[in-house]
Each structure stands twice: as C-alpha cells, then as structure tokens.
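Okay, here's what each chain looks like letter by letter:
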Amino acid sequence: MTRTRSMVPLFLGLAMLFVTHRASAATCTGIEDLGSSPCTGAGGCESEHEVEMCFFGCTCGECDRHGSSGECCGHIYYVPNVYQGQGCGNCGECGGARTHIRSTSIGRGVASDTPLELRQDYSPGLIVLTRTLSYREPLFVYVLNRCDHTYRLIAEEELTRKTGGM
Amino acid sequence: MLALKRRCITVCWALSALAVAQSAADPKPSSTTKAEQKAEAERHKTPDAHLVRVQTVTAVGEFATSFFRPFRCDDGGNFYVRTDLGGVEGVHKLNSKGERLALFEASSNPDLKIDVAAYFTVAEGGELYELVYPHEMTRYMFVYKADGTFKSAVKFQTGFPWIPKMLAVFPTGQLLASGEEYDADRAAARWPFTGIFAADGSLLKEVKLEDDEKLHDMAASGDPRVASPTNVHSNHAIDNGLVEMGSDGNAYLMRWMNPAIFYAISPGGEVVRRFTVDPGESGYRPSAMHVNKNRIAILFVEMQSRNKLMKIVDLEGHELATYDELKINGKAKDVLTAAFACYTENPTHFVFFGADDDNKLQFWHVEPR
Numbered sequence: 001m002t003r004t005r006s007m008v009p010l011f012l013g014l015a016m017l018f019v020t021h022r023a024s025a026a027t028c029t030g031i032e033d034l035g036s037s038p039c040t041g042a043g044g045c046e047s048e049h050e051v052e053m054c055f056f057g058c059t060c061g062e063c064d065r066h067g068s069s070g071e072c073c074g075h076i077y078y079v080p081n082v083y084q085g086q087g088c089g090n091c092g093e094c095g096g097a098r099t100h101i102r103s104t105s106i107g108r109g110v111a112s113d114t115p116l117e118l119r120q121d122y123s124p125g126l127i128v129l130t131r132t133l134s135y136r137e138p139l140f141v142y143v144l145n146r147c148d149h150t151y152r153l154i155a156e157e158e159l160t161r162k163t164g165g166m
Numbered sequence: 001m002l003a004l005k006r007r008c009i010t011v012c013w014a015l016s017a018l019a020v021a022q023s024a025a026d027p028k029p030s031s032t033t034k035a036e037q038k039a040e041a042e043r044h045k046t047p048d049a050h051l052v053r054v055q056t057v058t059a060v061g062e063f064a065t066s067f068f069r070p071f072r073c074d075d076g077g078n079f080y081v082r083t084d085l086g087g088v089e090g091v092h093k094l095n096s097k098g099e100r101l102a103l104f105e106a107s108s109n110p111d112l113k114i115d116v117a118a119y120f121t122v123a124e125g126g127e128l129y130e131l132v133y134p135h136e137m138t139r140y141m142f143v144y145k146a147d148g149t150f151k152s153a154v155k156f157q158t159g160f161p162w163i164p165k166m167l168a169v170f171p172t173g174q175l176l177a178s179g180e181e182y183d184a185d186r187a188a189a190r191w192p193f194t195g196i197f198a199a200d201g202s203l204l205k206e207v208k209l210e211d212d213e214k215l216h217d218m219a220a221s222g223d224p225r226v227a228s229p230t231n232v233h234s235n236h237a238i239d240n241g242l243v244e245m246g247s248d249g250n251a252y253l254m255r256w257m258n259p260a261i262f263y264a265i266s267p268g269g270e271v272v273r274r275f276t277v278d279p280g281e282s283g284y285r286p287s288a289m290h291v292n293k294n295r296i297a298i299l300f301v302e303m304q305s306r307n308k309l310m311k312i313v314d315l316e317g318h319e320l321a322t323y324d325e326l327k328i329n330g331k332a333k334d335v336l337t338a339a340f341a342c343y344t345e346n347p348t349h350f351v352f353f354g355a356d357d358d359n360k361l362q363f364w365h366v367e368p369r
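Chains as they are written, first to last, in my numbering: chain G, 1 to 166; chain L, 1 to 369.
In case anyone wonders, no lab produced these hints; they're calculated from the structure. Accuracy of the hints is not assured; some may be wrong.
As the list claims (entries may be wrong) - SDA-like, lysine to any residue: derived pairs with alpha carbons at most 20 Å apart:
no. : chain 1 : residue 1 : chain 2 : residue 2
1   : L       : 151       : L       : 185
2   : L       : 360       : G       : 74
3   : L       : 205       : G       : 98
4   : L       : 208       : L       : 146
5   : L       : 208       : L       : 220
6   : L       : 333       : G       : 98
7   : L       : 208       : L       : 268
8   : L       : 331       : G       : 73
9   : L       : 113       : L       : 138
10  : L       : 155       : G       : 60
11  : L       : 145       : L       : 103
12  : L       : 360       : G       : 41
13  : L       : 360       : G       : 44
14  : L       : 205       : G       : 100
15  : L       : 97        : L       : 146
16  : L       : 327       : G       : 100
17  : L       : 208       : L       : 244
18  : L       : 331       : G       : 42
19  : L       : 151       : L       : 114
20  : L       : 333       : G       : 88
21  : L       : 293       : L       : 360
22  : L       : 208       : G       : 100
23  : L       : 327       : G       : 44
24  : L       : 333       : G       : 45
25  : L       : 113       : G       : 44
26  : L       : 113       : G       : 65
27  : L       : 113       : G       : 88
28  : L       : 331       : G       : 60
Unchecked claim - Simulated DEER-style distance windows between Cβ atoms:
no. : chain 1 : residue 1 : chain 2 : residue 2 : range
29  : G       : 44        : L       : 76        : 24 to 32 Å
30  : L       : 333       : G       : 87        : 55 to 63 Å
31  : G       : 99        : L       : 150       : 32 to 40 Å
32  : G       : 42        : L       : 150       : 33 to 41 Å
33  : L       : 271       : G       : 89        : 55 to 63 Å
34  : G       : 44        : L       : 320       : 23 to 31 Å
35  : L       : 46        : G       : 84        : 48 to 56 Å
36  : L       : 153       : G       : 44        : 46 to 54 Å
Values in this document were obtained by computation on a predicted structure and should not be read as measured data. The C-beta atom is built at its ideal place from N, Cα and C for all residues, glycine as well.
Modelling step: build the complete structure from the supplied sequences, incorporating the hints.
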C-alpha cells in the first residue's frame, strides 16, 4: 500500500501535485475504497479515516493519489482524485461484467427487507409444489461480452426454494 | 481537466460517522417478546469486566500513525502490521519485542506493476497470502514464504471483473475470497461476490450469502449505514469486512454491520451457519475481529465517542463475555485503538497496535480485569 512518509509544507505539496498531475498520462483508472484505518496521535488521540487508492479501473483519466488530504489525529493522509482524460481506448474490460439475476423477487428498495422465507404461502413467480417448497423455472439470459463481441449464456442455478413454514 | 472527484474529507467522514449511528440493519425476530428484548438489551449493556492495559512494548525502528487492516498475529507470538511510516513498505513481521523478522513486499515480484497490495492472511506454517492489484483488471494473490521471500503469484480466474477485498486460506488448500463484482452498468453499485477458489486461482464455487442482495441495495440507494458520501462504488459492509479461519475448518466471514453478521463457510463453499453479534447499541460498528480456537472476539467501536466494547462468542454466535473500557470520571483510563491485533485465550489476552507520542509502534497488551 502506497503511503506518504511525512507532512510537507502545503505550498510545496501543491506544486508537486501540479507537476505530477501534468506529467502523468491517461490510463484506465479508478478509485477503490479499502475500508477504514485507525490512527493514533499525541496525547492519546485515537480516530479512523477511510483508505482510498488509485486502481486500474474503467475510467480513462489520470489518478492523482494525493488529490485531496485530510487529517487524522494530527497526521495528514491523502485520498486520490481522478481527472478525466483521453487516449486510452475504451477501458472496456469493465464491460465484461455479468448481468445479475436477483435470487429474490423483492424490489430494489431498502425497505423491502423481508426475507423470502417469511412470506408463507405467497411466492410471486414461483410454482408451488408443496406448502413450503416452490419451483421456479430457470431463467436464461444472454449477456454480451463487449471485448470479443460474443454472447454468453447465464442460467439461474436454484430451481427449488423453500418458501415458508417449518 | 474535469475533476471527477472532489471531496472535503473531514466533513464527509464526520457525516458518515453521524450517519452510521442509526438503527440496526438486522431486526430481532418477531417471536421475541418485548420483555425478552429488554432483558437482552440490558445484558448487552452489562460488561463482565473492563479492558485494562497490562503491558506496553515499544518496537525499535518501527513507526506508525495509521494502521491498515487486517491486523494479524501467529501462534509463535509474532505480529504482522502494515503501517504508513517507517520508509519500508509492505507487511512487517515483528516478534513480540517489536524486532523485524521479515518483510513481505509485493514489489519483490518484478513481473507486475503493482497499484496496491492490501488484505493478507497468514496460514499455518507462516506462509503469507496477500491480495495484490496490478495495473490491469486481473486480480492476484501473492504467496510468500515465512521469511518474506516471494513464492508465487496466483491469478484469480473468475471470468468477470471484480475486486477481492478479503481472503482466507483453508487448511485443505482452497481459498475463500470475498469482494465486489462490477455491475454491467459501470456507474452502478457493485455486487457482493464470494467464491471458493482452488490453489491455482480457478473458481470452484460461488457462495451466495443471505444478506448480500440487501447490502447491495443499501449501497445502491445511498443508505449511509453502508454507502460512502464520496465514492458511489463503496460498500462499507464489504470494504470493512473481515474473514478468519476457525478451528473447525470453516472460514468465518464478517460483514461490517450492526449487529455484525457472520457466516461460517466450509471449504466446499457451503454456508454452514449464519449468526449475528449485537453490541447492544446502534452507534457501534465491528472494527476488528479475531478467531482463536473455538472463540471469536469482536471489537466494536462507537463511531462518535470512540468508546469500545469487546464481545466474545463461540463459533455458533453464543455470547460468552462482554468487556468495556475502564472509565474514570467518564474518561477511558487506557485509551485503546481500533487496531485490535491479536486474541488468545487461557488466559484471555488481547493485543492492540498503538504508538507513542514519537510515533514509535507499540504493542498494547490488554486483559479483562
């Protein structure tokens, strides 16, 4: 993990960032969150800050790993900024993502948090086999692979589902 | 140039901390009576003992101001730490006195240009496994010998783009990796993904975890309990999650929620059980956890006050003990960090990473009293 050794005067840091920013070339890039990091400091200070890093990603641009800064217990830490750029193709490897088939028929809202198992005797889209066991026809979806321009078949795995009861 | 990401970190982090101080995501079963819930809540609030620092060891030549998860130790009393200072990047293996025994550096493999090296785990025998992200979409795991020597690079073969965030190695050789899979819509929230991989990186089985769709939807809707105010792709429930091996041969994967959600996953990819560990108050989040034999210690940290609570449960989630900080006049006597590094039993003993006022790395040995 890349880190900064020490605090530098602000004006020097800004100058360095400008030079670095102008000198770097556009590439497929992105920013990833790697969770939070506890920090310590003088006088028993204890806190946390988020850790974000420049990654290979789906945006054509330049990732400045010192794009912004914050302070945690008196210590400066940096988080990246991405600046849009040109000339690195379509960064298309991200286009190979799978299309997701939801395993439940609930909506996207957070409020719809009732587990399917609790919905006794009501199972939309399912063929009821018994009171507690339902069958859903397998769903097949063709997904375009943008890299090699082929289609891939994705089939849902689970065919039977316990829908409630004991 | 268009600045795609501009942020005011301090404010956003404060907002995030405020936001997570909301209600729990996992409601109690409806069959529980109010009286039972009240008794349960009272039990959560009553600690069995206080966490007291009994020894401080200052490492020579090791410095730290921030500690990067995960925090590890091994049966030989060694610690593994990735810090932000000291001039030497990589995972530092230190003995109990703080003397460096080995250094695990992703840059020791010259064949790949590395963006980031992050999560790691230490297997029996001392080999270290590390998630490595070269400047390409393919994700890797590097394997090092116990002395820090680079051993091999393993390419995760999922067939679709994803970002592993945590890793465990089964004694049988299979790997469990969990992270986030890209949506076909690049701007959309990513999908939690967990898989069992062979030692060569080939995907053996995708593991479906019960709460993953809900966690995805929470992030997609911007729910502040898991979403980042600055990064649309972040899902704190996944990013701050952890996984460790249990003595029963299963991997124990934790989602960063309140209550903390645990899954016991077998080497074959079966979800053996799911359970939650409740800190009892909504503002706490599971900061770190360690499995020792048939016990799990979870450190919960209250995001505003930085109060800490240690819960000990068995491998089925049954609560065995609760410890809090000893306070005098409302202030913690021994301020602990969230860098909970090590847990052992018989007797119950914890080690935290800390630093002195000169930023020298310290091991804080803590016991319940």
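Structure versus earlier hints, numbers of those that do not hold, lowest first:
Of the numbered hints, 1, 4, 6, 10, 16, 20, 21, 25, 28, 33, 36 do not hold.
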